[in-house]
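Undergrad: These are the residues of each chain, in order.
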Amino acid sequence: MILILATSLVAPSAFVEVKAGSYLVGKDTAIANPRRTVILQGFQIAKFETTNAEFAKFVDATGYITDAERNKNAMVFEPGLRDFRWLQDPTANWRFPNGKTRGGIKDRMDHPVTTISYRDAVAYCKWASVRLPNLDEWEVASRAGAKGDWFFGEQKKVREYANIWHGPNHLKADHSDGYMTTSPVGKFKPNEWGLYDIYGNVFEMCSGNLKGDGKFTIHSRGGSWWCSKNSCSFFNSVDIGKVDSRASFSNQGFRVAR
Amino acid sequence: MKKLLSLCLAVAAAASLFAQDEMDGPRPSKESLKYSEFRSQSVEPTWSLAKIKGIVKNLKEDEEMNRRVADKVFNSWSLREKFTYTMIHGEDFSQNCDMMPLILDEHKKVFSYFPGVFGDESAWSQRQMKFMENNRSQVLDLIKQTIISKKIVGNNIKNAIWNLNGVELIPTLVSVYNKDKKDHDILTLMMLMMKDAKYPSFVKSSIYKKLYGTEENWRSRVMYSPELSGEVVRLANSFYKSKKLR
Chain V
10 MILILATSLV
20 APSAFVEVKA
30 GSYLVGKDTA
40 IANPRRTVIL
50 QGFQIAKFET
60 TNAEFAKFVD
70 ATGYITDAER
80 NKNAMVFEPG
90 LRDFRWLQDP
100 TANWRFPNGK
110 TRGGIKDRMD
120 HPVTTISYRD
130 AVAYCKWASV
140 RLPNLDEWEV
150 ASRAGAKGDW
160 FFGEQKKVRE
170 YANIWHGPNH
180 LKADHSDGYM
190 TTSPVGKFKP
200 NEWGLYDIYG
210 NVFEMCSGNL
220 KGDGKFTIHS
230 RGGSWWCSKN
240 SCSFFNSVDI
250 GKVDSRASFS
260 NQGFRVAR
Chain Y
9 MKKLLSLCLA
19 VAAAASLFAQ
29 DEMDGPRPSK
39 ESLKYSEFRS
49 QSVEPTWSLA
59 KIKGIVKNLK
69 EDEEMNRRVA
79 DKVFNSWSLR
89 EKFTYTMIHG
99 EDFSQNCDMM
109 PLILDEHKKV
119 FSYFPGVFGD
129 ESAWSQRQMK
139 FMENNRSQVL
149 DLIKQTIISK
159 KIVGNNIKNA
169 IWNLNGVELI
179 PTLVSVYNKD
189 KKDHDILTLM
199 MLMMKDAKYP
209 SFVKSSIYKK
219 LYGTEENWRS
229 RVMYSPELSG
239 EVVRLANSFY
249 KSKKLR
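So the protein lines, in turn, are chains V and Y. Numbering-wise (the working numbering), the first sequence opens with residue 10 and increments by one. Numbering-wise (the working numbering), the second sequence opens with residue 9 and increments by one.
If you are wondering where the hints come from, they were derived from the structure by calculation, not from laboratory data. Treat the hints with care, since some could be wrong.
Derived DSS-like pairs: lysine-lysine, alpha-carbon spacing no greater than 25 Å straight-line [unchecked claim]:
1. Lys81/V with Lys138/Y
2. Lys181/V with Lys138/Y
3. Lys217/Y with Lys238/V
4. Lys206/Y with Lys181/V
5. Lys224/V with Lys68/Y
6. Lys203/Y with Lys190/Y
7. Lys218/Y with Lys238/V
8. Lys196/V with Lys238/V
9. Lys81/V with Lys65/Y
10. Lys220/V with Lys68/Y
11. Lys81/V with Lys68/Y
12. Lys152/Y with Lys249/Y
13. Lys212/Y with Lys238/V
14. Lys238/V with Lys152/Y
15. Lys190/Y with Lys116/Y
16. Lys80/Y with Lys81/V
Every beta carbon over 12 Å from chain V, so not counted as near; a handful from chain Y, in silico [as the list claims (entries may be wrong)]:
17. Thr54
18. Ile63
19. Asn66
20. Val77
21. Ser84
22. Glu89
23. Leu112
24. Val125
25. Gln134
26. Lys187
27. Lys212
28. Ser214
29. Gly221
30. Val230
31. Ser233
32. Asn245
Partner residues aside, some chain V positions facing chain Y, computed with beta carbon under 10 Å [unchecked claim]:
33. Thr38
34. Trp95
35. Trp202
36. Tyr205
37. Thr226
38. Ser237
39. Cys241
40. Gly250
Quantities reported herein were computed from a predicted structural model and do not represent experimental measurements. Backbone N, C-alpha and C define an ideal beta-carbon position, used for all residues, glycine too.
Using the sequences and the hints given, assemble the complete structure.
TA: This is how it looks when you write it as structure tokens:
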């Protein structure tokens, strides 16, 4: 009942049209993502990251059980951990992104869904007749025509556009931008094409592979609420994350395309 | 006019070449690439290695995501077997990480951090961390034996020492480093232990500001020089003595 009520409060994802054409992506210095021109078919990409409310509709309709719910192996965060350390918490899943003791999503239905695996995201997409953007599509949409690392120019402006971590490390909680972990989607300024949270909030899982990928490798982009300038600083259009397709982290979600 | 333009372009290109070490154009030398690969390499302890490797191989391929041996099995192992298992296998997933940018002359750089254990594939679980912490003294002894036997300090070993704050091993680390002064991540390891301890002499140093200042991050680095390595070793030795661990 709570889920249904909350769902009705959240607007369905709207999409931004990306025209077919050739686009500049990558960076001269990036091994995984060298500077090049890519030719894309036209596509649409969601303005917002997929929310808990949207994922709840899928679960309500299908009875789907996520990997973290089944395998009880989600990776969660709590302040006090050394940078890049995460904890496995068997109680964590999309309903309790950082574990039961750290709270559920009852009041966070407009936040991006997290603590899901790639398989879960693909299952949602199949049900919703959408798909994940591929690596190039995500990057073109994130750049919104910009050629540098950030669509807004300089890294120091990131605070206006992205929910990220502002503390020097992760030993103490950081609420300086109003959110320690995820924020509601659309709380920060969009890029020039109207996409919100393209950097920060959650790592967005994409389809596509890179040279050297293993059997279970998938890629995510845009950084997350966990990322800071002193740690991975992935909140940009260049870096490409790499994670096991079976992993469910509380800073990992997705945005759909079609 | 064309000659002047060409000259300007050549000068500009040369200037930018010296302005940064991540760039298009020049590619890293074989030596640089080899060092980059070396920085991520783990070493394998010898204790029950074949047995443990066989078990780990099956875990890595498990479609049902069971990346850890059962508690019953883990608890039945000797301390040395647990050590080997922990040094060659991470039971947890690692979060999204990226390959480091292409860096010219990586072997001539000293970094603020070394690569995470097991690269971007996996990470130590709480059970594995607890095993190391609860058996700190014995684990540090096995680490020391492994370093002496292998004559290098693998990335997994560096991460373990850092996690255990293994200040006791500073003389061993200095000894290995001084043999050829090529594994600059050993300097990084000693700096991280001094940083974590907020060792005043280190925190006041110019190296600290360059690598761990407020604007620095996991990719920060400085050019290696004999003076720099000498200073880090001197500070590390003083730090060790200050802990009265002899």
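Undergrad: Evaluate each hint against the coordinates.
TA: Okay, the hints, checked on the actual structure:
Between Lys81/V and Lys138/Y the alpha-carbon distance is near 20 Å, which keeps this suggested pair within the 25 Å criterion. Proximity of Lys181/V to Lys138/Y is assessed by CA-CA distance (about 22 Å); at most 25 Å being required, the pair is judged to hold. At roughly 16 Å between alpha-carbon atoms, Lys217/Y and Lys238/V fall within 25 Å of each other, so this suggested pair holds. Using a Cα cut-off of 25 Å, the hinted pair Lys206/Y and Lys181/V holds, with the two alpha carbons roughly 17 Å apart.
Distance restraint check for Lys224/V and Lys68/Y: the Cα-Cα separation of roughly 10 Å lies within the 25 Å cut-off, and the hinted pair is therefore satisfied. Between the alpha carbons of Lys203/Y and Lys190/Y the distance comes to roughly 22 Å, so the proposed pair stays at or under 25 Å and holds. For a cut-off of 25 Å, the pair hint linking Lys218/Y to Lys238/V stands: about 15 Å separates their Cα positions. Of the supplied pair hints, the one linking Lys196/V and Lys238/V holds, its CA atoms being roughly 20 Å apart against a limit of 25 Å.
For a cut-off of 25 Å, the pair hint linking Lys81/V to Lys65/Y stands: about 22 Å separates their Cα positions. Note on Lys220/V and Lys68/Y: the hinted pairing holds, with a Cα-Cα distance of about 20 Å set against a maximum of 25 Å. Proposed proximity of Lys81/V and Lys68/Y is supported: the alpha carbons are some 17 Å apart, at most 25 Å. Between Lys152/Y and Lys249/Y the alpha-carbon distance is near 19 Å, which keeps this suggested pair within the 25 Å criterion.
The straight-line distance between the Cα atoms of Lys212/Y and Lys238/V is roughly 22 Å, inside the 25 Å bound, and the hint therefore holds. Distance check on the hinted pair: Lys238/V and Lys152/Y sit about 35 Å apart at the alpha-carbon level, beyond 25 Å; violated. Taken as a hint, the Lys190/Y and Lys116/Y pair is honoured in the structure, with Cα atoms around 9 Å apart against an allowance of 25 Å. The suggested pairing of Lys80/Y with Lys81/V holds, with an alpha-carbon distance near 19 Å, which does not exceed 25 Å.
At roughly 27 Å, the least C-beta separation between Thr54/Y and chain V is larger than 12 Å, which holds for a residue marked as non-interface. At roughly 18 Å from the closest C-beta of chain V, the C-beta of Ile63/Y stays outside 12 Å, upholding its exclusion from the interface. Non-interface call for Asn66/Y relative to chain V: holds, since the shortest CB-CB distance, roughly 14 Å, exceeds 12 Å. Residue placement check: Val77/Y keeps its beta carbon more than 12 Å from all beta carbons of chain V (closest about 14 Å).
Every CB of chain V lies more than 12 Å from the CB of Ser84/Y, the least distance being 22 Å, so the non-interface label holds. With a least beta-carbon separation of about 22 Å from chain V, Glu89/Y lies farther than 12 Å from that chain, consistent with its non-interface assignment. In this structure Leu112/Y is not separated from chain V by more than 12 Å, as the shortest Cβ-Cβ distance comes to only about 10 Å. With a least beta-carbon separation of about 10 Å from chain V, Val125/Y fails to lie farther than 12 Å from that chain, contradicting its non-interface assignment.
For Gln134/Y, the shortest C-beta to C-beta distance to chain V comes to about 6 Å, within the 12 Å cut-off, and the non-interface label is violated. No Cβ of chain V approaches the Cβ of Lys187/Y within 12 Å, the least distance being about 30 Å, so the stated non-interface status holds. Non-interface call for Lys212/Y relative to chain V: holds, since the shortest CB-CB distance, roughly 18 Å, exceeds 12 Å. With a least beta-carbon separation of about 19 Å from chain V, Ser214/Y lies farther than 12 Å from that chain, consistent with its non-interface assignment.
Some Cβ of chain V comes within 12 Å of the Cβ of Gly221/Y; the nearest lies about 10 Å off, and the non-interface call is violated. A cut-off of 12 Å between C-beta atoms confirms that Val230/Y is not in contact with chain V; the least separation is 17 Å. At the 12 Å boundary, the C-beta of Ser233/Y stays outside the reach of chain V, the nearest C-beta of that chain being 24 Å off. The Cβ of Asn245/Y sits about 25 Å from the closest Cβ of chain V, beyond the 12 Å cut-off, so the non-interface label holds.
Of the supplied interface hints, the one on Thr38/V holds, with its beta-carbon coming within about 4 Å of a beta-carbon of chain Y, less than 10 Å. At a threshold of 10 Å, the smallest CB-CB gap from Trp95/V to chain Y is about 6 Å, leaving the interface hint in force. At a threshold of 10 Å, the smallest CB-CB gap from Trp202/V to chain Y is about 24 Å, leaving the interface hint violated. Hint status for Tyr205/V: violated, given a least beta-carbon distance of 20 Å to chain Y, over 10 Å.
For Thr226/V, the interface hint holds, the least distance from its beta-carbon to any beta-carbon of chain Y being 9 Å, beneath 10 Å. Of the supplied interface hints, the one on Ser237/V holds, with its beta-carbon coming within about 8 Å of a beta-carbon of chain Y, less than 10 Å. Restraint check, Cys241/V versus chain Y: the minimum CB separation of about 7 Å is within 10 Å; hint holds. The beta carbon of Gly250/V comes within 3 Å of a beta carbon in chain Y, closer than 10 Å, and the hint placing it at the interface holds.
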